[in-house]
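Chains A and B supply the protein sequences, listed in that same order. The first sequence begins at 1 in my numbering and counts up one residue at a time. The second sequence begins at 1001 in my numbering and counts up one residue at a time.
Heads up, a few of these hints could be off.
[Said to hold, decoys possible] Derived coverage of chain A by chain B (criterion: at least 3 residues anywhere in the stretch with Cβ under 8 Å from a Cβ of chain B; other residues may be distant):
#: 1; segment: 6–15
#: 2; segment: 23–32
#: 3; segment: 35–44
#: 4; segment: 47–53
[As the list claims (entries may be wrong)] Derived lysine to aspartate or glutamate pairs resembling DMTMM-like cross-links, with alpha carbons at most 25 Å apart:
#: 5; chain 1: B; residue 1: Lys-1086; chain 2: B; residue 2: Asp-1103
#: 6; chain 1: A; residue 1: Lys-54; chain 2: B; residue 2: Asp-1398
#: 7; chain 1: B; residue 1: Lys-1256; chain 2: B; residue 2: Asp-1266
#: 8; chain 1: B; residue 1: Lys-1271; chain 2: B; residue 2: Glu-1252
#: 9; chain 1: A; residue 1: Lys-54; chain 2: B; residue 2: Asp-1546
#: 10; chain 1: B; residue 1: Lys-1559; chain 2: A; residue 2: Glu-20
#: 11; chain 1: B; residue 1: Lys-1419; chain 2: A; residue 2: Glu-36
#: 12; chain 1: B; residue 1: Lys-1375; chain 2: B; residue 2: Asp-1200
Source of the hints: derived by calculation from the structure; they are not laboratory data. Quick reminder that beta carbons are idealized off the backbone N, C-alpha and C, glycines included.
Listed below are the residues making up each chain.
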Amino acid sequence: MATAQIQLPLPVLPTGWSAEKDFKSVNSLSTPVHREIEPVGPHFLAHARRKRHKRTFSEDER
Amino acid sequence: MSEEDGPASRVAIGLSFGNTNSSIAYTSAEGKAEVIANEEGDRQIPSILSYVDGEQFQGAQAKAQLVRNAKNTVAYFRDFLGQEFKDIDPTPCHQSAHPIEKDSQVAFSIQDTESEDVSTVSVSEITTRHIRRLAVSASDFLGKTVNAAVITVPTNFSDAQKEALRKAAADANIEVLQFISEPIAAVLAYDARPGASLSDKVVVVADFGGTRSDIAIIGSRGGIYTVLATAHDWDVSGTKFDDKLMEFFAKEFMKKHKNEDPTKNDRALAKLRLESEAVKKALSLGASASFSVESLSGGYDFTNTINRTRFELLSTQIFAAMTRLILQTVEKAELDPLDITDIILAGGTSHIPRIANNIKNSFPEGVNVWAPATKSDAINPSELSARGAAIQASLIADFEMENIKESCEPVVTVTPHLKHALGVLCISGDVAQGKFQPLIEADTPTPIRRTATITTPREGGDVLVKIVEGSRHIKVNKVENPAKANGATAKEADSDDSSEEEEDSDNDEEETREKVWHVGKVIAELAVKGVKKGGKVEVQVDVRPDLAVSIIAREVGAKGGVRGSVEAPKLENGSA
Ligand SMILES: Nc1ncnc2c1ncn2[C@@H]1O[C@H](COP(=O)(O)OP(=O)(O)OP(=O)(O)O)[C@@H](O)[C@H]1O
Ligand SMILES: [Mg+2]
């Protein structure tokens, strides 16, 4: 996927905001919905390859 | 048998096998999918076999036999495959060989040899004969023997139906590499075009065929497809338009020949049907068409003309039912018309301009309606299935069968999809309130990685990257009718209202609907410090299959950056 461009600005960091290494983990994502993807097309084949080899995106690119 | 052959000796095609028509396609060395014409020059080959003195005819030649030799002509049989006799609807076969029961399966009683004897031929055997002929046409065209295929099937084709089709194809020496669903083939045919964008889409595929209409709502995320909802309807379809025209021309005929009802005589009825279908097709291109049949009934020739407007008036209810079917399926997927980005019209009936125009008018303006009437670069709706199948065939032709099967197993295909959209909060207007900007839409399968570059406040400095979940809502705004507000006369206001079925009797107000985001859970916060004036921040979000998230934010062009991860949610049912 190409990089998206967002034209609206990010907010200024609120005064008093602090976190170790400037990163704060707040909540996990909501529980996902399990659905079937269609085993069709070039991008699915890449997905299946990653899944079979248990690889992440960056490992896949190496 | 081809079953034993490995990928090395494989010659694979794409095959679309409908109740009404079949078509065959291949992918050229340059990677372009093309539909192959058979010996008669047809790319849409009627799925019909007919027997005359033991000789077998297929396609257009067999279709012509519906007039003289209906009982030895087998048509509309695809859906019978792999079904029990008691479960089928034989209605489409009223004017051809009737399905009968044999060992609780479907068969046809036909005279298919030179002898006078009638044989009982199972629907599987008919299918094998049909596929064999299609394979010969493809082999003749390609100059080598075709021995494998990707075949398209409706989304509601059962495992038993697929197995029966796999077996029937194998008996014709065609190894089925994979069954893919018809709407997915249509999406693939469009996505394989050079320059097609892989952006997130919600696509409606509306397949209007001869005997059935099938709707599918498909989430398309970076070229990966998830079916969100489907619907099937056997009451609205291509032959219903033929029925309207038959009724019309029969009446016109009887204005001249009062005591000669062409619908009371099988042969006249068959002629009426064939010519009405031809008129219907001609009206997809021209503003009027002529009907002309020699010796239609009682020995009388008959010619007549009809214009497109008349045809559209006769068919108003069918058009409305088609649009309604699409809107109902969107609702079934728990989506709103505003969520739809593309509508692909597939199937032969989608050539009718009014269908595409009505659908376009029922959806918001920006929706792409891919049909000949609404887009000059639309792909022929009759060819979408076969093309998609040919593209998939070229993608997997070199794979071992084992490998293809493995990729279709639920361990690979069942995938956690994001429940809500995931995005970042930006500022617009009111500084106190963030505005959600989606990075990943809901219903996106994992793993997924997305990157965005985001502008910063005018002076740069320290900025906050707040990663949050968002859910989309439809906001309905009541806008006061401007005409009324300006003191328009009652007459003008009335004509304003005549547009569509407004349930709302209160015509002081008009509704406008828009998509708005509600901000949900905060997932993470990151600080990017010391951004220079005019600088941009790049944010990358990587969601793992277990829904753990890692996030990186950095000023574009700067090194390092801030990174961290958020744990996977605690799952009750484990991750796939
Ligand atoms: N140019 C055209 N204009 C209008 N209708 C057309 C046109 N071309 C084909 N059709 C109609 O399309 C229908 C066949 O559609 P299609 O080839 O997609 O069928 P199919 O998928 O085999 O059918 P089924 O729904 O029965 O399985 C027929 O009713 C035919 O008359
Ligand atoms: Mg079809």
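Worksheet item: For which of the previously enumerated hints does the structure constitute a violation, in increasing order of number?
Response: none
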